[in-house]
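Q: Residues in the first sequence are numbered consecutively from 1, following our numbering.
Take these hints with a grain of salt, some might be off.
[Stated by the list, open to error] Calculated pairs, SDA-like style, for lysine to any residue (alpha carbon to alpha carbon, straight line, at most 25 Å): (1) K43 x V9; (2) K43 x F64; (3) K43 x M75.
[What the hints assert, rightly or not] Okay, the calculated beta carbon distance ranges per label pair: (4) S100 x R31: 23 to 33 Å; (5) R12 x S100: 15 to 25 Å; (6) P83 x Q46: 29 to 39 Å; (7) A147 x G105: 37 to 47 Å; (8) A126 x R106: 23 to 33 Å.
Source of the hints: derived by calculation from the structure; they are not laboratory data. C-beta atoms are modelled at their ideal positions from N, C-alpha and C, and glycine is treated no differently.
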Amino acid sequence: MPELPEVEVTARGLEQSLAGSEVAAVRVHERRLRWPVTAGLAKRLQGQRLLSVGRRGKYLLWRFPDGVLLCHLGMSGSWRLLPGVAPGREPHDHLEIDFSGGAGGRVQARYNDPRRFGAVLWHANARGDVLAHPLLASLGIEPFDPAFGGPLLRAGLRGLRAPVKQALLAGKVVVGVGNIYASEALFAARIHPQARAGALGDERCARLAQAVRGILGQAIAAGGSTLRDFSHVDGLAGEYTVRALVYGREGEPCHRCGAAIRRIVQGARATYYCPSCQRK
DNA sequence: AAGGTAACCTGACTGC
DNA sequence: TGCAGTCAGGTTACCT
1 MPELPEVEVT
11 ARGLEQSLAG
21 SEVAAVRVHE
31 RRLRWPVTAG
41 LAKRLQGQRL
51 LSVGRRGKYL
61 LWRFPDGVLL
71 CHLGMSGSWR
81 LLPGVAPGRE
91 PHDHLEIDFS
101 GGAGGRVQAR
111 YNDPRRFGAV
121 LWHANARGDV
131 LAHPLLASLG
141 IEPFDPAFGG
151 PLLRAGLRGL
161 RAPVKQALLA
171 GKVVVGVGNI
181 YASEALFAAR
191 IHPQARAGAL
201 GDERCARLAQ
211 AVRGILGQAI
221 AAGGSTLRDF
231 SHVDGLAGEY
241 TVRALVYGRE
251 GEPCHRCGAA
261 IRRIVQGARA
271 TYYCPSCQRK
């Protein structure tokens with residue numbers, strides 16, 4: 001589920017409803033996520049006012065006066081907002097945070113994560129800037145940073161012998177390109193997923209940078225809907241119809257040239273591409 | 001030091 | 001219907 005667009009939309013939703021309100025209670029039902037949920041989380045959060053909710057890569061950053069709640073959704077995590085003091089729990093609801101005193105009155109945020117690949121960690125301000133946290137320090141540039149573009153992408157890929165698909169996915173050059181969007185961006189840029197990352201020239205890097213930004217931007221505009229599941233047109237006169245052009249379409253005709261879409265495996269992950277439109 | 005691979009987990013789906 | 005096997009949108013840790 002969660003690639004960058006969904007994380008971005010989640011951050012905006014949380015910030016809109018919860019910023020300015022205060023943590024009234026925290027209940028941790030299951031600590032065993034990717035790493036154990038920080039011990040004593042309730043004590044650290046209790047009574048603190050949520051300042052903002054942002055994002056770095058696919059990490060959510062809940063900023064409080066004393067520190068930052070770092071949260072990653074892994075493969076199957078999600079946050080839901082429930083009005084008031086919502087009773088009952090669904091399977092895989094691992095964490096609940098009750099907020100009060102904000103614009104929306106009492107609101108509860110619940111973290112659900114069937115596969116438990118996600119993370120919920122507290123970073124105290126006393127430990128320094130959260131962006132220097134080991135999980136964040138080596139992340140690539142944000143795709144919507146004005147500095148990101150062909151030249152920076154090319155500089156980042158220089159010298160890499162890995163296939164460009166895997167270089168994108170690694171997130172060391174630019175963050176936010178998940179498995180679906182990697183295939184989609186390469187299709188949009190007409191670059192073969194097995195092309196050597198370091199071999200891409202100025203022009204193809206410029207196309208790829210633009211494709212990455214374009215695809216992610218579209219998905220955010222469409223409300224963070226993930227390409228794969230998105231099958232219906234939304235109400236706005238079909239303005240934001242986002243669908244996968246190659247991902248999950250093995251054997252189906254390419255929308256650009258009609259050739260059969262191929263599926264290969266790179267680093268144990270599926271990649272889809274058009275063998276005719278995309279060149280090494 | 002870049003690059004490959006195993007590992008973390010549950011659930012949905014496929015084919016016998 | 002049941003059961004085994006495969007695959008899933010992410011990332012780190014570890015080995016070469």
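Q: Hints the structure violates: just list their numbers, smallest first.
A: 1, 3, 6
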